[in-house]
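Chain by chain, the residues:
There are 2 protein chains.
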Amino acid sequence: MGREDAGKSPVRGSPRRGRYPRGVTFPVVGMVGGGQLARMTHEAGIPLGIRFKLLSDTPQDSAAQVVSDVVIGDYRDLDTLREFARGCDVITFDHEHVPTEHLRALEADGIPVRPGPDALVHAQDKGVMRAKLDAIGVPCPRHRIVSDPQDVAAFAAEGLPEGAEGDGFPVVLKTVRGGYDGKGVWVVDSVEEAAEPFRAGVPVLAEEKVDFVRELAANVVRSPHGQAVAYPVVESRQVNGVCDTVIAPAPDLDEALALKAEQLALTVAKELDVVGHLAVELFQTRDGRILVNELAMRPHNSGHWTMDGAITSQFANHVRAVLDLPLGDPRPRAKWTVMVNVLGGDYPDMYSAYLHCMARDPQLKIHMYGKDVKPGRKVGHVNTYGDDLDDVLERARHAAGYLRGTITE
Amino acid sequence: MGREDAGKSPVRGSPRRGRYPRGVTFPVVGMVGGGQLARMTHEAGIPLGIRFKLLSDTPQDSAAQVVSDVVIGDYRDLDTLREFARGCDVITFDHEHVPTEHLRALEADGIPVRPGPDALVHAQDKGVMRAKLDAIGVPCPRHRIVSDPQDVAAFAAEGLPEGAEGDGFPVVLKTVRGGYDGKGVWVVDSVEEAAEPFRAGVPVLAEEKVDFVRELAANVVRSPHGQAVAYPVVESRQVNGVCDTVIAPAPDLDEALALKAEQLALTVAKELDVVGHLAVELFQTRDGRILVNELAMRPHNSGHWTMDGAITSQFANHVRAVLDLPLGDPRPRAKWTVMVNVLGGDYPDMYSAYLHCMARDPQLKIHMYGKDVKPGRKVGHVNTYGDDLDDVLERARHAAGYLRGTITE
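Going down the list, the protein sequences come from chains R and A.
Note that the UniProt record's numbering has the first sequence beginning at 1, numbered continuously upward.
Note that the UniProt record's numbering has the second sequence beginning at 1, numbered continuously upward.
Chain R extracted, bound-state conformation:
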């Protein structure tokens, strides 16, 4: 690994050195997955002078379009992963889908995997995650692994306050693996509706439907030697289960609650031995508590605002963390930063809309992912920042809506 070797020798022997000038000995970060998170990690890695290697499903993937050193292959195949890892100083991820046993095999080969499999399993398996958070005393919604619809009904009834009427529904059901952006999640109102989630044959987690006032995200970055930094807690607004708007910092958030959320995320990072960026998605309840909704151990949509709104972006800090480099300052550069996702609309070519948005708002920061436009698909995001939250929100929403085609003037 880079850090340990640094300073010992001016030239590190490595089979990949032929690609680069002789004196350049900066490490190679291998990222598995060719989505927009890898695309933006490469962007952040260029000024850092690191070398970035990508394992991508296809040459058309978002990141594969812009990265020089791309291996096309299937991350579910251990031989492919091993071959890819041979040229890397460290392996990290654009997604959580690499099988845990493959990560263990890479570690056994001596490749640093960051975050490691023992940490990453908590972002891969919601059952494991809930059990661990319970064990370390981190507040979560009431939850239980359930075996069938009757068990769901029992779980629902257990949640009724003593003496209350009713059946305790609605209940949230989640497959423990494979869900994202609202997929693999059901809100069920009755025992009949509870049948669907069990059809995939994957273990199902039942959770109380939390009476939340809003969703927050506490994002932190942690390095192998234990340095950690916390970004300001943000408000995250979802539409149809997909992240729509992120406001940094979360408006009107009680200072003590913000601190509690940051501390909670730092605790989770430490106790789960996370390396890299950790997003802790939170519910802020009507009665003033915070409960953990989900964990993600990679750069995360709730941190895209940092690209234009923080001194060091989540992508730059993720790279620094996985290389065990000192972390960059996570503080905001503006009073308010707003991120709104750009979803695909009905019209496949966004270029003329994009031109219009640039002309309307010269301060707008557009981030396009090079992805095929499909209705509802995340194809980019916009960031705006400034002193007036209403203005900053309006500008971001207008641009995202115009790009999608839902706003036409």
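It is worth saying that the hints were derived from the structure and are not from the lab.
One or more of the hints may lead you astray.
Because identical chains share one entry, a pair is satisfied inside a single copy or across any pair of copies.
Derived lysine to any residue pairs resembling SDA-like cross-links, with alpha carbons at most 20 Å apart [as the list claims (entries may be wrong)]: (1) K209 x A154; (2) K209 x P170; (3) K270 x I145; (4) K260 x P170; (5) K335 x Q363; (6) K335 x I311; (7) K335 x G386; (8) K209 x D134; (9) K209 x R76; (10) K378 x A200; (11) K209 x E193; (12) K183 x R377; (13) K209 x A131; (14) K132 x P117; (15) K183 x V242.
Following the hints, complete the assembly by docking chain A onto the known chain R.
Okay, now just chain A, sitting in the frame of chain R:
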């Protein structure tokens, strides 16, 4: 070209489309030259969603290390340029060395070349530049094309104030083509010393040695439809003819003089029909005038501070300009931003020094170019920003000095 086609058809027929998903119709920017300017232009192009194609001398060049779509070839060869240009919507440049006649041939083929040959020749040939600036009334140092050392002596004598003693030396001599970073420039004190510049057989320009208090740079970006934006005027400090430090904005610069410098740069951009980024290097004289030293029609070292210090960087605005997209806001994001170049020192591996700099200053923005470290070679730059200029300067200088090895604690 992208703009003209935008909105007419959701799918633009182009031979390069196989590399990208079907619905993605963003244009291809071809950049000639694989140096750090191309590397940073690619970095800026990623969020814009444009596609970037590079013509590079070798696969090890700074930009070739990080760009996906690279053609290795010689920019002096017209067939190579033509083949490269076939896949591009517009051609732009990392350097000024492409022969003017080749640019005209590409234009005759129907490829937009930005800046075009009629503009670019002013950045390629200092004799043409001086003649044009004279014609449009832009103040320059006294100058004349000289034919031999005796002619230099005559030029020197012409500069003596009436009745003054002496021979009028020193005089600055420049070859009209091929110089950069102090190369191709001589300050001569006598007719004997004036022999050297003529040895290359290239026309030589003589210029008065200006009694300047400091050097400034006025950077502007202009698009084909005539939109233009001006960055704040900066102070540029050279060491041994190489840019060392840039301070944005230039400290203690009289507001009227700053405005005059901006207007001058905008005038040059318009009159020379520049498209893209234009750097106008200026002398601020002891008697309060500004005189044009050099022009560069591409992203420029004096604009590297914009990557972290301006709302829109010079690289993003250069891309937007050559695509005739609306330009981004050039205003500063901080009270002071300082850029210091990182030059190579004696030790070829900068990685451990880099780690130290990150640990010392979590706000530091490091930009490494992936280049082989050689003594005195530009291998990166650092940016710092903040409210206190002394602090911002000290942090940038310390980091650059530590990376070079001239500061060891």
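Quick rundown of the hints versus the structure:
1. Within a single copy, K209 and A154 get their C-alpha atoms as close as 15 Å, which meets the 20 Å cut-off; across copies the closest is 91 Å, which misses it.
2. For a Cα distance limit of 20 Å, the shortest separation of K209 from P170 inside one copy, 6 Å, qualifies, whereas the shortest one across copies, 83 Å, does not.
3. Taking the closest pair of Cα atoms, K270 and I145 never come within 20 Å of each other, the shortest separation being 25 Å inside a single copy and 69 Å across copies.
4. Within a single copy, K260 and P170 get their C-alpha atoms no closer than 29 Å, and across copies no closer than 69 Å, so neither meets the 20 Å cut-off.
5. With identical chains, the CA atoms of K335 and Q363 are at most 20 Å apart both within one copy (15 Å) and between copies (17 Å).
6. Taking the closest pair of Cα atoms, K335 and I311 come within 20 Å of each other both inside a single copy (13 Å) and across two copies (15 Å).
7. When the C-alpha separation of K335 and G386 is checked against a cutoff of 20 Å, the pair qualifies both within a copy, at 6 Å, and between copies, at 15 Å.
8. In the homo-oligomer, the alpha carbons of K209 and D134 lie at most 20 Å apart inside one protomer (18 Å), although the nearest pairing across protomers, at 76 Å, exceeds that limit.
9. Taking CA atoms no more than 20 Å apart as the test, K209 paired with R76 passes in neither setting, with 34 Å inside one copy and 67 Å between copies.
10. In the homo-oligomer, the alpha carbons of K378 and A200 never lie at most 20 Å apart, since the shortest distance is 26 Å inside one protomer and 58 Å across protomers.
11. Only within a single protomer do K209 and E193 lie at most 20 Å apart by alpha-carbon distance; the minimum there is 15 Å, versus 86 Å between protomers.
12. With identical chains, the CA atoms of K183 and R377 are at most 20 Å apart within one copy only, with a shortest distance of 13 Å there and 52 Å across copies.
13. Taking the closest pair of Cα atoms, K209 and A131 come within 20 Å of each other only inside a single copy of the chain (18 Å); across copies the shortest separation is 76 Å, beyond that limit.
14. For the homomeric pair K132 and P117, the shortest alpha-carbon distance inside one copy (15 Å) is at most 20 Å, but the shortest distance between copies (65 Å) is not.
15. Taking the closest pair of Cα atoms, K183 and V242 come within 20 Å of each other only inside a single copy of the chain (9 Å); across copies the shortest separation is 56 Å, beyond that limit.
Consistency note: the structure conflicts with the earlier hints numbered 3, 4, 9 and 10.
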